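Chain by chain, the residues run as shown.
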Amino acid sequence: MTFLVTAAAAEPGAAPAYAWLLIGLPLLGAAILLLGGRKTDSFGPLLATGLSWASFVLALPLLFAMLGRAPEDRAVEHVLYSWIRAGSFQLDAGILIDPLSMSFVLLITFVGSLIHVYSLGYMKDDPGHVRHEGHTLSAWEESRQPSERRRFFAYLNLFIAAMLLLVLANSYPLLFVGWEGVGLASYLLIGFWNHNPAYATAANKAFIVNRVGDMGVIAAIMAMFAAFGATDFAGVGAAAAEADTGVLVLIGLLLLLGATGKSAQFPLQSWLGDAMAGPTPVSALIHAATMVTAGVYLIVRSAPIFNNAPTAQTAVAVIGAVTLLYGAVVGMAKDDIKKALAASTMSQIGYMMLAAGLGPAGYAYAIFHLLTHGFFKAGMFLGAGSVMHGMKDEVNMRRFGGLSTFMKITWITFGLGWLAILGVPPFSGFWSKDAIIETAFIGEGIRPWLLGGAALVGAGITAFYMSRLFFMTFHGKRRWSERDYHPHESPPTMTVPMMVLAAGSALLGLILAWPFAETKPIVAWLEPVVGYGGSEAEPVLAIPVIIALTLIFVAIGAFVAYRMYIQEDVPTTAPVGSWGTQAARADLYQEEVNRTLFEQPGVALVHGLEHTDRSGVDGTVGGLATWIGDLSSRLRRIQNGFARSYALTMLTGVVLFLGAVWVMQ
Amino acid sequence: MPTVFEAPEINWAAIAPMLVVMAGGLIGIVVEAFVPRRRRHSVQVALSVVALVLAFVALVTLTVDNRVKTLGGSVVMDGMSVFLQGSLIVFGLLGVLTMAEKFGGDRPDAFTPMGAAIPGSAYEAAADRAGLATSEVFPLALFSLSGMMMFVAAGDLITMFVALEVLSLPLYVLVGLARRRRLLSQEASLKYFLLGAFASAFFLFGSALLYGYAATTDLDGIAAAITETRPGLEPLLVPAILLVLVGLLFKVGAVPFHSWTPDAYQGAPTPVTGFMAAATKLAAFGAILRFVYVGVEGTRWSWEVGLAVIAALTMVVGAVLSVTQTDIKRLLAYSSIAHAGFILVGVLAFSTLGLRGVMFYLLAYGLMTIAAFAIVSMVRQGGTEATQLSQWAGLGQRHPILAATFGFLLLAFAGIPLTSGFTAKFAAFAPAIESGTLGVVLVVIGVLASAVTAFVYVRIIVLMYFSDATSEDVVAAEASPLTTAAVAVGAVATVVLGIVPGPVLELAAQASELIR
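As they're listed, the protein sequences go chains U and W.
Residue 1 is where the first sequence starts when you use our numbering, and the numbers rise one by one after that.
Residue 666 is where the second sequence starts when you use our numbering, and the numbers rise one by one after that.
Next comes chain U alone, as it looks inside the complex (with noise of 0.2 Å):
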């Protein structure tokens, strides 16, 4: 295996000192934030911005410093403090910095930075909005007073510092600590509306759903501790060369489960779709960008421990694959732009999934992916919230159409990431996602075309779904009046970062996988950390042909959408279309199926519990409790305050112990 001799190799050497302020800076804005109360309400959210591009700015001499040492060298390690010591068992807390954990540092602090930014603009007042004598706060505008504000920049810092925690931690404990840090993060935002019910009910939904997953990371360490009696990175690859594979491929299935969990993968996705009650730059950072993409991190992480245990590989990719489909299905009916988004991102994920299924060969592209998809999706995000923005917070794209005209850098920036996503050369997406279909077309018998045919398809699907969003927003008539809504360009502290996430979803796949190297760029710098990534076997189809297959499949979905969404007209109210349409609208009915198999034995479960508790342990104490207190008023009456009674109950006393005494003598 190519992996375990580059890690054999790569003893990490030291990181600076200073590593630990990556994290440290946004905890201490939070803190800072949160602790703080209404003082630090002026200058919080530029604080908070601050710190996260403080963040970034100490990402890069780290950065520059890898560059500098050679491939095998650039692993380093920086031990904070020894975390647990337990008998023989030792762990110490720490950070890796190695090329993996690089790219992850410099999306999230880069974008999430940029998301900051955009952030200031879209939670200040609508700048737009006239508001009139006597005119009481909606609810809505309410939750954007100052400080609502400093509480969701707190809670941004917070995401930032746990994340970073999490793909900088050295061992599966402590990055367990991230990954239910971003899990709080992702659940105070999704429910920072909470006045809602509905927004409070989806936050609780991510939260329940995402413990289902935690449970499996929370096993797998348990397992990886039974087993190898080791739980950091390093000691886990190496233990993995020599472990038992039916060991291997428990943890490995039980990381998958933590992986679908936070990475809305099937069957743990339903909870994305309703999480997009967040405000919607939360969206772009978290459920899209960054936090969402845990899951194929968890994975490629867990390399070693998948390369040993085939079985457990294949669910990886088999997961991504049906996600890929699932998603895009959703994504074909929703109306809701943020929910067709959210299904567009599980379905994106599911690609990278599928890649990283695949082993050392697809993990770079599994990588490379995601970095993409971090840029047009959370461009795309922001695009949608720019389009609320100026369609008071609007979310139904049958009331949109025809916007290009008034948003124009909207409009712009939001086709870069279409044209991303579709796979249109020479954008991103093009690249990454092309060379996960190539991959996933590599291997024997009827793998490689079921694997690579859902690929394929889905990408047909994606090109029909988000060419119907972006026609249905920008493009066709207008279907809103203009009584009601006065679309306008955002602010410029909006508009700033979509620009600069739009000239990632455009050049950054380009740059990652210049076509002129001998090897890809991003391949080379993720191989130290999981091997090698052009594989020697070729796919089942030569190369070109699956390029050609691909971007006929997206013309085809794209041209269809042109032909339903601009040159006929949108009706207002959804039709209500065949069995099928209906099936995907409801998210191929997962909230049933999540209803009947795990709400309604578990509701009956405790219904029954309860009635236990209720009629036989209360009646039992309760019956106790009323003897008792019956008891007590009887003896009460013997209290009667009189002096004579008082003593003759002591002579009764005398009486009867010596009586007694003198009986049992």
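Derived by calculation from the structure, the hints in this document are not laboratory data.
Note that this is a predicted model, so its numbers are computed, not measured.
Glycine included, each C-beta is placed from N, C-alpha and C at the ideal position.
To list a few chain W residues with every Cβ distance to chain U over 10 Å, as calculated:
1. V714
2. A792
3. G1048
4. Q1062
5. S1145
6. P1166
7. P1168
8. R1181
If you want a taste of the chain U side facing chain W, the calculated C-beta under 8 Å gives, among others:
9. I628
10. S632
11. S633
12. A643
13. G653
14. V654
15. L658
16. Q665
The hints should help you fit chain W onto chain U, whose structure is shown.
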């Protein structure tokens, strides 16, 4: 038989703490007579505090290494005496602090200006106008305390009886000196006195029979006599022991000799109640320990089941009756009865560990009790103590710290872990379980009774935190540093003895030694 009376050896160092406390009381009387009324209160308080501090210093410097029988064997200064006397002095200090509380007035808040005046009479009103104050409560408390100190160290029955009376008589007076609800207070005092005299009679009767059996009142002598056979006298022995025990059990408030407790606790001025509940119980248990462990252990097979039945009854009746109480002071009185039962379980372990557990329990219980009654004295409605439980509703909202402290003390009474109540119960029950089947049965009853009392205590916490106030004018009086200090010491000790009981348990273990 020697006809010449020989003066006994007196080890002054050993009895110095008792002498200091007694001297403090005597000087207090002189102060009462000669110091101007204006300054009498502060002088008395200062005098009492100084006397008690000096006594404590004497105890830890002179007495602690001077463990002897002295005064011809009538005073035994062994480990137990030292530990219990030290605890008594601490209780006395805290008690004096709470009794001195003025709550912003010009005289001690809890005591009537003129104890001799008929309640509601013109005489009383005149005394009130003249600004009189019963500052003699401080010497009375000191006298009572010196009696208690002698009680735990008494090596023969005569000394024990004298000590019993020395501790009781000032208490009878103190109970009747409440400033408000004076009739109730005087009634309580009278009942306490009558029933106390009744119990003393039993004690004396039993002592006489024991003397008849053993021809000595010395506890060692009695123990020696039990090992021999006394033809024709055998039937005297067990009734004698039981009668002496009745006299002692009365003081701890064991069922069925408990009837005075709720009435006296309710009627007495609240600081006196706290002092009495803590110190009297400790002193009486000291005497029981010495009488049972040193004097009559040889025959315990013939009476321990009887004592066990009393312990069980005490726990059950105390716990069950506390359920229906509506007055916080009466509730705490029944709680103290239940606690007496728990402590008796430790006594019945008949082991060194049992002795340690009992001593620790007495110290822990006394500290939390004084603090709890001090808090009760602070909660007011319209200038009088709000002792009705319904008046405590919603107190947690208005006085969070006070209510939290009281709630914590209640948890300690219930024996919840991380409070001294838990450690104490554990220290008393564990040796009982090791002592045999009887001990196991008692501990099971004790745990069940604890569960019942826990309900009672938690109900008060619920009342304070989860009920709305019935009337808005129930407030906690602004306490002076005196009461605050007493509450703080009690509460902090309850925390410390709950979390790090090690040092004090170790101290108690070292003190678990009886000189025979």
